[in-house]
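Put chain B on the given structure of chain A with help from the hints.
Below, each chain spelled out in residue letters.
Protein chains: 2
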Amino acid sequence: MTFSATVFIGTSLDGYIARPDNDIDWLTSRGEKAGDLGFFEFLNSVDAVVMGRNTYNQALGFGEENWPYGTRHVGVLSTTLPANADPRITVYRDIDTLITDLETRGTEHLYPDGGRLIQSLLRAGRIDRFIISVAPVLIGTGFPLFGDLPEDISLHLDSATALSGGFAQLHYTVQK
Amino acid sequence: MTFSATVFIGTSLDGYIARPDNDIDWLTSRGEKAGDLGFFEFLNSVDAVVMGRNTYNQALGFGEENWPYGTRHVGVLSTTLPANADPRITVYRDIDTLITDLETRGTEHLYPDGGRLIQSLLRAGRIDRFIISVAPVLIGTGFPLFGDLPEDISLHLDSATALSGGFAQLHYTVQK
Chain A
20 MTFSATVFIG TSLDGYIARP DNDIDWLTSR GEKAGDLGFF EFLNSVDAVV MGRNTYNQAL
80 GFGEENWPYG TRHVGVLSTT LPANADPRIT VYRDIDTLIT DLETRGTEHL YPDGGRLIQS
140 LLRAGRIDRF IISVAPVLIG TGFPLFGDLP EDISLHLDSA TALSGGFAQL HYTVQK
Chain B
20 MTFSATVFIG TSLDGYIARP DNDIDWLTSR GEKAGDLGFF EFLNSVDAVV MGRNTYNQAL
80 GFGEENWPYG TRHVGVLSTT LPANADPRIT VYRDIDTLIT DLETRGTEHL YPDGGRLIQS
140 LLRAGRIDRF IISVAPVLIG TGFPLFGDLP EDISLHLDSA TALSGGFAQL HYTVQK
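Which chain is which? The protein sequence lines are A and B, in order.
Per this note's numbering, the very first residue in the first sequence carries number 20; after that it's consecutive.
Per this note's numbering, the very first residue in the second sequence carries number 20; after that it's consecutive.
The following block holds chain A by itself, in its conformation from the complex (with noise of 0.2 Å):
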């Protein structure tokens, strides 16, 4: 059983996700003039989210009540992080291991956040869609959405919109 992943994340349009101080301040303030941006329907068609241990770090700063995976399955990748840390999380330690348990689990759609993660799923070959919301501003410097690459990735792009609060959506299916 395989999975298909999609990347729905916000970034500058100079290509960051968050400041070097993981701040992401500047893409929030404009989202909530923005809606949700279709987040939430997005969430409604994933039954597994998989993030970093920064993103993590992100996801309970939000507070307990504002958790918003539901009781969906949530991986987290990190080699320091207690197995368990969380009863709301499975902690993986190498990104071999989590795909193979979101096959073995029968994992359909999946949500992978975070820069790093994202790259290493991206350079596996197991990313499908990205939806990336372009926030109208230029930050100079942070983590970067994309990196390094062993081989050029084509991409065809399914649609273009302009959303409300200056965010520019970008939806792309990878060519493999």
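Simulated from the structure, these hints should not be mistaken for laboratory data.
Watch out, some of these pointers could steer you wrong.
To be verified - Quick list of the computed label-pair ranges, beta carbon to beta carbon:
hint: 1; chain 1: A; residue 1: GLY125; chain 2: B; residue 2: SER23; range: 52 to 58 Å
hint: 2; chain 1: B; residue 1: PRO87; chain 2: A; residue 2: PHE59; range: 42 to 48 Å
hint: 3; chain 1: A; residue 1: ALA102; chain 2: B; residue 2: LYS195; range: 48 to 54 Å
Said to hold, decoys possible - Which bits of chain A does chain B cover? Going by a derived footprint, with three or more residues having C-beta under 8 Å, they are:
hint: 4; stretch: 21 to 34
hint: 5; stretch: 90 to 97
hint: 6; stretch: 155 to 167
This structure is a prediction, so every number in the text was calculated from the model and none was measured.
Think of the CB as a built atom: it goes at the ideal place given N, C-alpha and C, for glycine as much as any other residue.
Structure of chain B alone, referenced to chain A:
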């Protein structure tokens, strides 16, 4: 007399304008399928073009009969190019001299090209609009369109459009 400046440029989805060896085949091969993406209509609206040395070398590589700038004023920013290298161009040694001369000439609408020159003009507050044609490909490394900034720059999204060839074209006005 001051001028307004519009950047018209193609990038990969990961924000590069050229590979490390200056190759842009990943862009032009897709651009050929897409038509001119509005470039010649845009070019008709400008009365001066400025570029860095790398971009000038690329323009030379297209061949003399393919010089796209007609009789427009063309400036090249370079510390090493001889002043009389090419009768079609004016060589500028620094960005302040470039800006002052364009203003003295009564330039109304400037087309700045090339990553470093665009970044310098942006940091100097002299870029007014961006028209970015995003090619549907990730190339992993190269020369980025955007660079470090002393502070955030907010933009207004004027439009987001899916064009032929899988290009997404984003039109922004810089907020000042």
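Against the structure, the hints:
{"no.": "1", "hint": "GLY125/A to SER23/B: 52 to 58 Å", "verdict": "57 Å, holds"}
{"no.": "2", "hint": "PRO87/B to PHE59/A: 42 to 48 Å", "verdict": "47 Å, holds"}
{"no.": "3", "hint": "ALA102/A to LYS195/B: 48 to 54 Å", "verdict": "52 Å, holds"}
{"no.": "4", "hint": "21 to 34", "verdict": "holds (count 3)"}
{"no.": "5", "hint": "90 to 97", "verdict": "violated (count 0)"}
{"no.": "6", "hint": "155 to 167", "verdict": "holds (count 11)"}
When held up to the earlier numbered hints, the structure conflicts with hint 5 and nothing else.
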